[in-house]
Amino acid sequence: MAVAKPETISAGTRYTDFHPRWYRRRVSVYWWLGQRQYLKFILRELSSVFVALFVVETLFQLAALKSGPQAYADFQSFLESPFVIVLNIIAFLFVVFHAITWFNLAPSAMPVRLGGKRVPDFLVAAPSYVMWVAISVFVGWMVTR
Amino acid sequence: MAKQSNEAFFWVLFSAGGVVAALLIPVQLFLFGVAFPLGWLGAPSYESLMALVSLPLVRLYLFVLCSLSLFHWAHRFRYTLYDGLRVKHLNEVIFSLCYGGAVVGTAVAAYLLWTIA
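Which chain is which? The protein sequence lines are A and B, in order.
Start counting the first sequence at 1; every next residue gets the next number (the working numbering).
Start counting the second sequence at 1001; every next residue gets the next number (the working numbering).
No lab work stands behind these hints: they were computed from the structure.
Take these hints with a grain of salt, some might be off.
In silico EDC-like cross-links for lysine to aspartate or glutamate, where the CA-CA straight-line distance does not exceed 20 Å [as the list claims (entries may be wrong)]: (1) Lys1088(B) to Glu45(A); (2) Lys66(A) to Glu1007(B); (3) Lys1088(B) to Glu1007(B); (4) Lys40(A) to Asp1083(B).
With the hints as extra help, turn the sequences into a complete structure.
Structure follows, in structure tokens:
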């Protein structure tokens, strides 16, 4: 059988003696835009950026508290600027998205069985939601009382 | 890149942070980032927040919240960059920046909460 010379396959491909080069399809940087599921996945992953943003805000808030009443008043007026409010509303939506996807993942990650039957997913996720509401009410009460 | 054996450790931090972030961040962000600035609810005074932060349990709560949330971010954001932007060749840089950021943030949180009251 005749063996094709490398030049006739691809001029730019280099071969070594030790290992063949794999063929790999190039994937676009925007691969996640094509399908709803992929988009949902990437948005869920991006929620982590807003989690980090919240921590940074909290650290600045603590630093302002530490510096005294004037610094804290300045920090409060910073939070009241329209740009920051819009950013925080977006961040809030993302962290809620994170919470919902996280709680709904639990039944898949840890299937619960009772008497040989698998407990329905919504029943496994339900306690998380109950806890979420209870903790939210408690934190709200602690902060505003 | 981390050794395979470290992956489980980072994953535990990621998932613990995921739980903490899911349960606690929405309410806090809603109150301090949206409801208080827009005047929907009366914002707590400086004195009442200082009284709250002076409680050791509240400081421990804030430390755990900040630290675990950052490690959650580090893990997730790292893989978002790997998969989303397809920048496999930058793995080590991304790893150092993400976990470095989480460690620095944890140290800042510890310092602030230790010295605040």
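Going down the list of hints, with the structure as the test:
| no. | hint | verdict |
| --- | --- | --- |
| 1 | Lys1088(B) to Glu45(A) | 17 Å, holds |
| 2 | Lys66(A) to Glu1007(B) | 37 Å, violated |
| 3 | Lys1088(B) to Glu1007(B) | 17 Å, holds |
| 4 | Lys40(A) to Asp1083(B) | 14 Å, holds |
Checked against the numbered hints given earlier, this structure breaks only hint 2.
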